Structure formats: structure tokens, C-alpha cells
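Between the sequences and the hints, there should be enough to build the whole structure, so can you do that?
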Amino acid sequence: MSIWLTIIIAGLLTYATRLSFIYLHGKVSIPDTLKRALRFVPPAVFTAIFLPELLVTEGMLNVSLGNGRLIAGLLAIIVAWRTKNVILTIVVGMLTLWVLQAMVS
Amino acid sequence: MREKIIERVDHTIPSPRSELISGIKAELPLMIAVIPFGMIYGILAIGVGIPASSAQAMSVILFAGSAQFVSAQLFGLGVPAGIIVATIVVVNLRHILYSASIAPYLKKLPNRWKWSLAYLLTDEAYAVTILQYRRGSSMGNKHWFFLGAGLTLWTTWQLSTAAGIFLGASIPTSWSLDFTLALTFIALVVPTLKDRASFGAALTAGVIAVLAFALPLKLGLLAASLIGILIGYSIEVRS
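Same order as they appear, the protein sequences are chains A and B.
Residue 57 in the numbering used here is what sits at position 57 of the first sequence, and the numbering runs on without skipping anything.
Count along the second sequence starting at 1, add 1000, and that's the number in the numbering used here.
Treat the hints as calculated values from the structure; they're not laboratory data.
Every value quoted in this text rests on a predicted model; they were computed, and no experiment measured them.
Please note that the accuracy of each hint is not assured.
Per label pair, the in silico range of CB-to-CB distance [unchecked claim]:
id, chain 1, residue 1, chain 2, residue 2, range
1, A, Met60, B, Ser1138, 47 to 53 angstroms
2, A, Val104, B, Ile1013, 29 to 35 angstroms
3, B, Trp1175, A, Ile87, 16 to 22 angstroms
4, A, Gly59, B, Thr1155, 33 to 39 angstroms
5, A, Val104, B, Pro1110, 54 to 60 angstroms
6, B, Ala1052, A, Ile87, 29 to 35 angstroms
7, A, Ile8, B, Pro1110, 23 to 29 angstroms
8, B, Pro1110, A, Ile30, 19 to 25 angstroms
We treat Cβ as the ideally placed atom computed from N, Cα and C, and that holds for glycine.
Dropping the structure here:
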């Protein structure tokens, strides 16, 4: 299978995941329980994406002060909580990581 | 009294144009993370030997950052195409959750809107748009907000991956620019964790994702998300 065919098939399937419920809504009935549970999609999915980035380095769980990503991430969490500012959160997190990396090396 | 009513109407239903601009403005701050991420993808894809045209086609056809990263790595390793397709689909299954979550707000739109917005339903566009929909009761012209956010991300993603592919200059890994992705999600999710149920959903999903990071095909992410959603819901029902 050529690389193009791979991309096109994967692209169509990806599009199907995105369209799925947008298309089905109103055509199939979705239970109330499910509707209420969907409120928790953003906190659950996004935290499941970012937390391993802080705690897993080189395939290993790393909970120590030597883990720059963990320290930078915790600081970014505080900034995000206090300021709700996206740019400030990203900038503080990156600067912290760079400073910590510079101190180690 | 009359003025008050008129004022309220003005506030609850902004024009398509102003929603479009709000959507662009809400999405723009995320671009400081998307640009380096897109460039790193472009450089990686070229680095593993994917032709420039195919690498850019992935950005247009897949339009999904983490899936593009994973598939570029798999292409580089010479993994069979069927496994690459399966991997991309599993990595992208979370879009079904986004689709279900945003669907009620789009139900009255004509099909051409639904089919177009579905193409733009990415992590970053979903994140800002769902917040906008949950703010205030009226749907109004918020699909224009979605369009503004989605097109901002789309344009930036195409240009930044193209910059990585065609300018090709390599970014040292010691810059750790991949970390901007984690920071984006921190910036988006942390301010929304205002109630116990949301916090419970986030914490559960995060901890399980960490414990399950070794699972293949990012299945850990999916399992963690589903369990987190379940826990959030049960905390809400109980209280």
C-alpha cells in the first residue's frame, strides 16, 4: 500500500470520528446519562494528554525535583489557575524548563 | 425597560462577523505552541524519509498533530501500512468524544456547516469552542466562532508544517519545544476545574494515563479518558 493510500484511508477514518456524533445527533437518541457525562470530556481528555508529559521521561515514571518538566509544569498549572492566561502559562512553563535545563547542564 | 431588552438582545446574539473574530482571537494565543509543534513535525517527517508532498498532504488530509507525529515515526520504522492506519485511528478515537460533546450545539445547522465544522474539529479548536458554547444559553451565531477558531488553527498548522518541511532547518531537541503541547493543555484545562466533579474527572484521567503510559497505541489515553469521565459523572450524580 502506497503512502498516499495510507494517508487517504487514515484521513477518511479520522474524519469519520470527527463527524460521528455531529452527524448522528437527532438521528439516534442519546441517553441523558451520556449527555451529562460528556461535560467531563475536556477535563478528562486534556489532563490525560498533559500529565504523562510531566511525569514520564524517557519511558520512566519520574517524580523527583530533578524532573524539569514536572517543576515547569507545576508552575504553569499555578499560573494557569491564577491568571487564566494562555500565553503567560506557556511562556512561564517554557522559560522555567529552559532555566532548569541550563542549571543542570 | 425597552432599552434594557434591546441591550440584552444585542448582548446575547453577536453577529456572525463578531463571533468569527472572537473565535480567531480565542484561538490565536494557542499558536505560540502550535507553530513550533508544526515545524517539529515537518522536520521529523522529512528526517524519516517521507517525501515533502506526502508530509504536507498528511497535514491537510489528517489534520491531527499527534497522529501525524506517531505515523511519521512509524513510516520511518518501515511499519506495515495497515498497522499505521490502525494506529492513527486509535490515536484519533478521542475525536468521537469531542464530536458527541459538541453535537448538541450544532444540531440546527445545515449539513454543509456540520460537514465542514467536523473537518475542523481538532483538540485546540474544540477546547476553545466548547467553552464558548457553554458560556451563555443562546447558540446564536457561535458556529462562526467555531469556524474562526478552526480556520485559525488550520492555517497556522499548514504554514508551520510547511515551514518545517521546506525550510528544513533542524530545531535542536535540547530546546524541548515539544513541551509547549503539554503547556497548551494545562493553560486550557486548569482554569475550568472549578467544581469537584470536573477536578475528579481530570485527576482520575491524568493519574490513569500516567500509570498506563506503557500501553501500546495510546490506548492508555483512551482508557484514562473514559474512566475519568465516568468518575466525574458519578461525583456529580452523588452530590
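Any hints from earlier that this structure breaks? Give me their numbers in increasing order, please.
As far as the earlier hints go, only 2 is violated by this structure.
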